[in-house]
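Enquirer: All chains should be modelled from the sequences, with the hints used to inform the complete structure.
Going by UniProt numbering, the sequence shown opens with residue 1, and the numbers climb by one from there.
Don't read these hints as lab results, they were simulated from the structure.
There may be inaccurate statements among the hints.
What the hints assert, rightly or not - Each computed BS3-like pair below joins lysine-lysine, with the alpha-carbon atoms no more than 27 Å apart:
#1 K2 - K95
#2 K45 - K100
#3 K95 - K45
#4 K77 - K100
What the hints assert, rightly or not - Distance ranges between label pairs, derived from CB positions:
#5 G122 - D43: 15 to 25 Å
#6 M12 - E165: 15 to 25 Å
#7 K95 - L176: 32 to 42 Å
#8 R16 - G91: 37 to 47 Å
#9 T142 - S92: 14 to 24 Å
Bear in mind the structure is a predicted one, so any value in this text is a computation, not a measurement.
Glycine is no exception: its CB is placed at the ideal position from the N, C-alpha and C atoms.
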Amino acid sequence: MKTLVLVFHPDMSASRVNRPLAARAETLGDEVTVRYMYDIYPDQKVDVAAEQAVLEAADRVVLQFPMYWYSTPALLKQWEDDVLLYGWAYGSTGKALAGKELLVAVSTGGPGDDYSHDGSYGYTLTELLRPLQATANMVQMTYLEPFTTTGTLTITDEALAQQVEDYAAVLESADLPTLDRRG
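Expert: Printed below as a string of structure tokens:
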């Protein structure tokens with residue numbers, strides 16, 4: 001399975017979590033391609049044709065990013081707006097992504113327990129990621145259960161090392177759980 005990992009982190013040099021996750025993904029062989037989107041597009045001017053070409057070549061697309069203010073980094077939103085065009089990604093003739101898988105790999109500073117109806121934030125991560133799930137549905141992709149790394153502000157080195165290996169296992173797996181339209 002050809003897996004495309006799009007890393008949307010605005011400062012990878014300062015990343016304690018996304019940097020080792022992406023670095024581990026790079027070791028998985030020719031079937032996994034990792035692209036550092038802020039390095040490719042520092043001015044946030046996305047090359048639509050290039051992005052559509054790499055998407056077309058993939059079977060699974062991974063959006064890896066830290067969650068900021070309960071949302072995605074700005075470049076990820078810009079990328080969606082620019083690349084997922086009517087007639088290509090959706091609409092009566094837009095079938096380029098149909099049948100491909102979408103995996104969200106998200107990290108949060110806050111602990112996992114805070115992402116619940118009874119937690120500090122009042123919403124689950126699944127609920128906060130719903131716009132990405134809706135996008136996957138619109139472009140006819142299979143939305144996979146997100147890979148989450150929570151509590152990154154206090155994660156131990158040992159827990160981070162385990163998370164990195166868990167991520168590699170997920171990326172190498174041919175059979176991942178999906179979320180239906182209602183999550």
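Enquirer: Taking the hints in turn, state whether each one holds.
Expert: Hint by hint, here is what the structure shows:
1. Restraint check for K2 and K95: satisfied, since their Cα atoms lie roughly 18 Å apart, inside the 27 Å limit.
2. As the CA atoms of K45 and K100 are separated by approximately 25 Å, the hinted pair is consistent with the 27 Å bound.
3. Among the hinted pairs, K95 with K45 is consistent with the structure: their alpha-carbon atoms are about 24 Å apart, no more than 27 Å.
4. Of the supplied pair hints, the one linking K77 and K100 holds, its CA atoms being roughly 20 Å apart against a limit of 27 Å.
5. At about 36 Å, the CB distance of G122 to D43 disagrees with the hint of 15 to 25 Å.
6. Distance hint check for M12 and E165: the Cβ-Cβ separation is about 20 Å, which falls inside the suggested range of 15 to 25 Å.
7. At roughly 22 Å, the beta carbons of K95 and L176 sit outside the given window of 32 to 42 Å.
8. Between R16 and G91 the beta carbons are some 41 Å apart, a value that agrees with the proposed interval 37 to 47 Å.
9. Checked against the hint of 14 to 24 Å, the C-beta distance between T142 and S92 comes to roughly 21 Å, which is consistent with it.
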